Amino acid sequence: MELAIHTEVPESAPGLSVAASNPHKVTAKSVDVYYGDKQALKSINLDIPSNMVTALIGPSGCGKSTFLRCLNRMNDVVDGCRVEGEIKLDGENIYAKGVDVVHLRARVGMVFQKPNPFPKSIYDNVAYGPKIHGLARSRADMDEIVLNSLEKAGLLAEVRDRLDAPGTGLSGGQQQRLCIARAIAVEPEVILMDEPCSALDPIATAKIEELIDELKENYTIIMVTHSMQQAARVSQKTAFFHLGDLVEYGDTQGIFTNPKDERTQAYVTGRIG
Amino acid sequence: MTDQLSNSERIQAGLARRYRAEKRFRLYGIIAVVLAVGFLAVMLSAIGARGFGAFYQTHASLEVTFDEELVKDKDWQGIVKVAMRKSFPDVKARRDKRKLYKLMSSGAGFDLQGMYKADPELLGQTRTVWLPTSDDIDMLMKGQIDRVLAEDDRRVSDKEITWVDQWIASDRIELQFNTRFFTGGDSREPELAGILGAVMGSLLSLTVCLALSFPLGVMTAVYLEEFAPKNKWTDIIEVNINNLAAVPSIVFGLLGLAMFLNFFGMPRSAPLVGGMVLALMTLPTIIIAGRAALRAVPPSIREAALGMGASPIQTVTHHVLPLAMPGMLTGTIIGMAQALGESAPLLMIGMVAFIVDVPAAFTDPATALPVQIYLWADSPERAFSERTSGAIIVLLGFLITMNIIAVFMRKSFERRW
Amino acid sequence: MYVTPARRAKKAVEAVIKGILITSSTVAILTTVGIVASLLFEAMRFFGEIPFVDFMFGTEWSPQTAIREDQVGASGSFGAVPLFAGTLLISAIALAVAAPVGLFAAIFLAEYAHPKLRNWVKPILEILAGIPTVVYGFFAALVVAPWLRGTGEVAGFDVSSESALAAGLVMGVMIIPLISSLSDDVINAVPQSMRDGSFGLGATKSETIRQVIIPAALPGIMGGMLLAASRAIGETMIVVMAAGLAANLTANPLQAVTTVTVQIVTLLTGDQEFDSAKTLAAFALGLMLFVTTLVLNVVALHIVNKYREQYD
Ligand SMILES: Nc1ncnc2c1ncn2[C@@H]1O[C@H](COP(=O)(O)OP(=O)(O)OP(=O)(O)O)[C@@H](O)[C@H]1O
Ligand SMILES: [Mg+2]
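Chains as they are written, first to last, in my numbering: chain V, 62 to 334; chain W, -1 to 415; chain R, 327 to 638.
Hints are computed from structural coordinates only; laboratory data are not their basis. Please read these numbers as outputs of a predicted model, since none were measured by experiment. Among these hints, one or two may not hold up.
Listed next, the in silico BS3-like pairs over lysine-lysine satisfying Cα-Cα at most 30 Å (straight line) [stated by the list, open to error]:
{"hint": "1", "chain 1": "W", "residue 1": "Lys72", "chain 2": "W", "residue 2": "Lys100"}
{"hint": "2", "chain 1": "W", "residue 1": "Lys228", "chain 2": "R", "residue 2": "Lys337"}
{"hint": "3", "chain 1": "V", "residue 1": "Lys181", "chain 2": "R", "residue 2": "Lys337"}
{"hint": "4", "chain 1": "V", "residue 1": "Lys99", "chain 2": "R", "residue 2": "Lys337"}
{"hint": "5", "chain 1": "W", "residue 1": "Lys21", "chain 2": "V", "residue 2": "Lys192"}
A short, non-exhaustive set of chain R residues, derived as facing chain W with CB atoms under 8 Å [unchecked claim]:
{"hint": "6", "residue": "Leu468"}
{"hint": "7", "residue": "Val624"}
{"hint": "8", "residue": "His628"}
Where a beta carbon is used, it is the ideal one built from N, C-alpha and C, also for glycine.
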């Protein structure tokens, strides 16, 4: 299996990882999340390695999205949501005082379950992030960023001659790749994806999976998925959540072939879900 | 690349500017809300401050003798004059005397007439009574006329002020509750003008309006929501109702004038016609609210009733309508509140005349409260501006009450299925 | 199946009830027909005396004065352009006030305000909509106009005591709640996923609002503006009480102008012989008013409905 190559990178051997000094791009330490009085996540400890795809799986309502949204502080805008504990990005607590969410979200991009292109042209959709962050110094610069991002998202060939067409006019799969292009246009370090393929047909899904596999060369990817096959196909690490607990975390292969916890086993074999 | 900045540095560099823009944007929003709320506050307090005075009227205490001669001649104002002369024995010159009489309202005599009618025993007797002063003295007492101004620039002469001051010194002038304002019809004299005529006119119009628009509105809503097939015809009705809701109110007035008055020959200035015009105007509001209320009744209720063998009409009248009624009534009250505040269409059908008598029938000539406000607002007297504001306070009082009832109904009948 | 007489009677009653329901629902149609018929009929009589072109394009409006004594029916000049211009001027001022204030208030309440604050402020804005226009008119004439005049004097401007500005400003305030509630509706109809998408890229709230939400809500907002414009054009009492009677053709907001509705009221209140060109002119003006507001409403409702469908 191809995955094996990547999953070889062990947590215990930092020297071998890409980011040699710190193999863990994101580390969560005893993270508790509450919506009002209700606890959605219970003391989560999770270290996510760089330049890999980490899959978050688990039954509906177990807190996968909640965890994902903690990583770029998207929960800040949710009324009554409270996050306790520590989440570090490159060793820096993103919930510390003085951390700027705008800056953080430029470093940690996000792709959503339902493709949500803005009601703007394809070009402007991709240019949106660089524009608000002031990343392009000139029109030519911006063109380069946009074309590059579309290229990386594997969409350029399909839309090259209609960059001025509205982004909402694309097919679902194209829209989702547009959203990926939009996210990578600001050159984030981490890309969060919440069930990016759940609204897509199998062919579009295959394209996105392929894309994710390519993107991991340059980005750390954390994705939520409900599809066991998808997790097995594209991820190197898998975390299994259940009722707000992180039950098991490890190499994807290990989780699927030799789960330690019986809840994990029940889930991956389709007995709970 | 000439620019060595990393993305991260670029973002960092722009942050301060972006947060300033954020603050500014938020500030615009706050300014907008403050402007709107501030205007409301200024308007209401300006009107409130002015109008409150209308509920009080300056009265002077006079020693009145019901002289047999004068009573026989029905010269009630003459009695007042005699009393005034008695009050100010020093005033001798003819011109001054005439001025002196003007301190009192021309309505003071009416009060005496009323007293005498109620108690004919008064004949020949002397009584101390409080009688209304003229509007100028009223304004002076309320501080609306600036005593410091040059004599020519104010409506009250120095002499009159001295007289009033004598009254004040002897505690014989004071502000009393202005009963007349609530019990009287219109008058050319501000101190005699009351809103009862206008309130009755509004009440009569609204009665007609309610009697027409409520059943029509409910039946239309029921038909459209429960029975109408989805076809061109019902589409037309639907579009028509939505557009009717946005037709300027004055156009309804034109309709009333051309149709009801000129074509059908109905009486001008009558609350009957006013109510009909207002009914056509509020109909869309009631229909739209009624349909919303019917739509809020879950289909399961209809299915259950039909399943038990009720006919479609029975289902609606026995099961659906009772549940939708609170919502419909709420919409109706809101429609009535709109109708109560409406004046433009009433101007078109002649409910804008100077009418002293309080209307008692649907065909009596009448005005309505908002039209009375319009009429008084046009009068130059300072005191009328006060009455106008007073009438506005009363009108707003009615509207607030109606809206509170509507809110209360909505709250207490709110159901969750 | 055997049908008892009782059953047949019940059927008949139901049919009658249904008939009554159908009849009542035609009242709304009849109202429209009545409006159109009476306006058209009287306006036609008017155009029989005064040529349509003179009315639509004439720049002189003085219905009171006779041009030639001997000529039957011709009792004045009926060029309505100054009225149209005056109506537009006052409506434009009103929209210039109401559009930014209403829109920003809606944005603030929808996106920034604490729910508690929102629950307070929204009903207060609705009060503005519930106040009868005669009250606004009184306030405009009694407080705003003199204040503007005084301020103008201090600043060295000659402000008419019946300036278009006073009427327009106050009318603008009256329209604020209309714009803010319609804008609020359309802003809330923009799906949360749009906001998430923008926030997820690191946009600030104002960037999201300006560059994503407003563009997405623009059709709905424009529809709301058109409805507001239609409302302003048809508003009567504020202008009757605060705007002038003289038909000046000017774009200067500090001067007095008159409007279509003001003239309708002036022509039809007071003594009137119903057949004179003077009174018939009111119906011609009414027809213009009706057609204009109808077109605005139809277009606005169309835009708004289309917008709603987009996010359903
Ligand atoms: N905004 C919110 N307010 C209150 N509770 C919430 C909110 N969002 C999520 N929750 C609750 O938190 C728990 C975790 O939700 P979350 O969305 O993280 O689940 P999930 O694992 O992503 O589920 P799914 O697979 O269905 O997307 C759920 O019980 C949910 O009801
Ligand atoms: Mg989820």
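Comparing the hints with the structure gives:
1. Between Lys72(W) and Lys100(W), the direct Cα distance comes to roughly 19 Å. Compliance with the 30 Å bound is thereby established for this hinted pair.
2. Proposed proximity of Lys228(W) and Lys337(R) is supported: the alpha carbons are some 23 Å apart, at most 30 Å.
3. As the CA atoms of Lys181(V) and Lys337(R) are separated by approximately 59 Å, the hinted pair breaks the 30 Å bound.
4. The suggested pairing of Lys99(V) with Lys337(R) is violated, with an alpha-carbon distance near 58 Å, which exceeds 30 Å.
5. A C-alpha spacing of about 19 Å is found between Lys21(W) and Lys192(V), which places the hinted pair at or below 30 Å, so the restraint holds.
6. Given hint, Leu468(R) at the interface with chain W, holds; its Cβ is 6 Å from that chain's nearest Cβ, closer than 8 Å.
7. Below 8 Å, beta-carbon pairs count as interface contacts, and Val624(R) has one with chain W at about 7 Å; its hint therefore holds.
8. With a cut of 8 Å, the hint placing His628(R) at the interface with chain W is violated, because the nearest CB-to-CB distance is about 10 Å.
Comparing the model with each earlier hint shows violations of hints 3, 4, 8; every other hint is respected.
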